[in-house]
Amino acid sequence: MSMWKVTFSAMMRRKRWTILLLCIALLETATATALCTLIQKQIMALEKTFDNTVISCVMTNAEGLNQDNLRMPSGFVDMMLGYKHDQGYYQDEYVKNVRAMARVKLTSPQDFTMVCILTPDSDHSLTVASGGSMTLFDGWDDSVFLSGQEVCVVPQGYARDGDYLEISTGSFAVKLRIIGTHTGQERCFYCPFYTLGLRDGISYMISVDSCSFDIKDARRLDEAKESLYGIFAKPDINDKSTSRPAYGVRINDEIFQSSLGEIKGNIRMLRLIFPVMLVFGGAIGFFASFLSTQGRMREYAVMRCLGMTRGRIFSLTFYEHFALALAGGALGTLFGIGASGMVTWHMLLYGVCGMATFLIGTSLSVSRITRINVMKLMKTEE
Amino acid sequence: MGSLLVKNVSYSYHNQFQTVHALNGVSAWFEPGKMYAVTGASGSGKTTFLSLLAGLDVPECGSIEWEGASTAAMDRDRYRRESTSVIYQNFNLFQHLTVLENAAYPLYMREMPKKEADAVAREKLLTVGLKEGQFNRLPNMLSGGEQQRVAIARALASGSKIILADEPTGNLDSENGKNIVEILKRLAHEENCCVVIVTHDHNTAGEADVVLKMRDGRLDA
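If you read the protein sequences in the order shown, they are chains A and B.
The first sequence lines up with residues 1 to 382 when you count with our numbering.
The second sequence lines up with residues 1 to 221 when you count with our numbering.
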């Protein structure tokens, strides 16, 4: 114990080298911690991008056209909604916020069109951007459009709450309760998507004019793409192949992909810098320790003369470097944490890596002193 | 009490260009209680001879025996730790340890508690004529003579029975040199140590009980 105490006292008196080595350990650990913070921040940015980016998809024909005049069987909308899970190919695992609109010409009232919608924003004319709006009477909300309830929304001033509207498509007649008004197209009624397409709990085929949706989880975009393009075509105006699907999906993920690419590139680069920094830090540790121990060769030779074993000399010198690495490492980690304002176990891990590399570098240098030839050294010194 | 026996020892230094034969068939016998002086010109092999006696290496030919055991066969670290002490011309003190810590260093190496080791070192430092007020100073705050006294105190503290001194007065003025030789002589005669001094100073050699002359790696008869 007394040997360690004395070694520590001597180290503290050897101010210049002690401070230099301490600073190197501190810098290496602080840099490692700072690098970790940057990586963590990029990962957080990546998570935010995943959570906050809406990747919208629009159904088109196979050429990428007619997105407002699709004439697509409503079965595809069922597929998106996961409605009636009995056949497979359902996409509700990958998509959300499905918007679909189907126009049905009415025979009564004459010159009116019934627009079946999944959500109020399924029809552009009802969006704020188009100057339209929809107001539902008390007790009703937008979720009603996902159902097959026999209700409808009529143009403003057409009727009042509690009134009923009798409609006929020629082959089918139904009495719908009026649940709200709209300021969209004048000669249109709106009803839930399945009001005209659902009989006895079974979805019947109606012709859908437009359909769009969002990707449910941006993290699973590739999986979602694979699933969607297993059923629909990737729109291509030049592809005239007859064997391709009749309908296509345009996935608007360009901005998402570019943000993602940028963040992932940053993370890759930072992760690449880390080992380089470690090697560099280890090398600096090695050289600083090399210079420090080089100036103490006679001291080591005297230790050997006094009968100290090579192993003991190594362990004492290693102990000095370990104490410096520990102190520098702790300060560096605290400095890194203070500068970044966050604490994660990753940062501690990176800090320990920085400290360990410094120690490896210095140990390599220290191992050299155990091989000194005391006989020659003492003779030279004389 | 054991004696140090040197039998027909040879030693060479090698490098890629040449081989220098530093010692050629040296034989000698060193008894405890006597002070020996090994004299000779520079390059005659005196320091090499002393280093081999100190167990820093083993002879290429022949043997050095301490208490009947060859240094080549024994644990030389232990031999250096427990049986020999070397005093150098340039003192070879640890510059970042205090005078007291330097003197107590061999005891720290033996894991003696610091308090106890310091007490022994304190006594040895007083024996060689240093004052209490100097104990907490660093070596570079002392004169050459005082530093050499610290080196001798370190040798004394280690309890070694073989004291080897390589030009111990080389860096000292005549007054200080004389004092150091006196201390070494006292060690041999009063403490029953075997003191071997390598020197080319005739005055120092004149104080020895036995003078051995070395020339071209050989001891003159």
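A couple of the hints might just be wrong.
Stated by the list, open to error - So the derived label-pair ranges between C-beta atoms look like this: (1) B:Ser10 with A:Thr309: 25 to 31 Å; (2) B:Lys178 with A:Leu364: 44 to 50 Å; (3) B:Glu111 with A:Leu291: 45 to 51 Å; (4) A:Leu291 with B:Ala41: 46 to 52 Å.
Said to hold, decoys possible - Here are some of the chain A residues that sit facing chain B, going by a computed Cβ distance under 8 Å: (5) Val6; (6) Glu262; (7) Arg298; (8) Val302; (9) Cys305; (10) Thr309; (11) Ile313; (12) Arg371; (13) Ile372; (14) Val374; (15) Met375.
Please keep in mind that the hints were generated in silico from the structure rather than gathered at the bench.
Positions of the beta carbon are idealized from the N, C-alpha and C atoms, including for glycine.
Exercise for the section: Against the earlier hints, flag every one the structure doesn't satisfy and list their numbers going up. Expected result: As far as the earlier hints go, 3, 4, 6, 11, 12 and 13 are violated by this structure, in ascending order.
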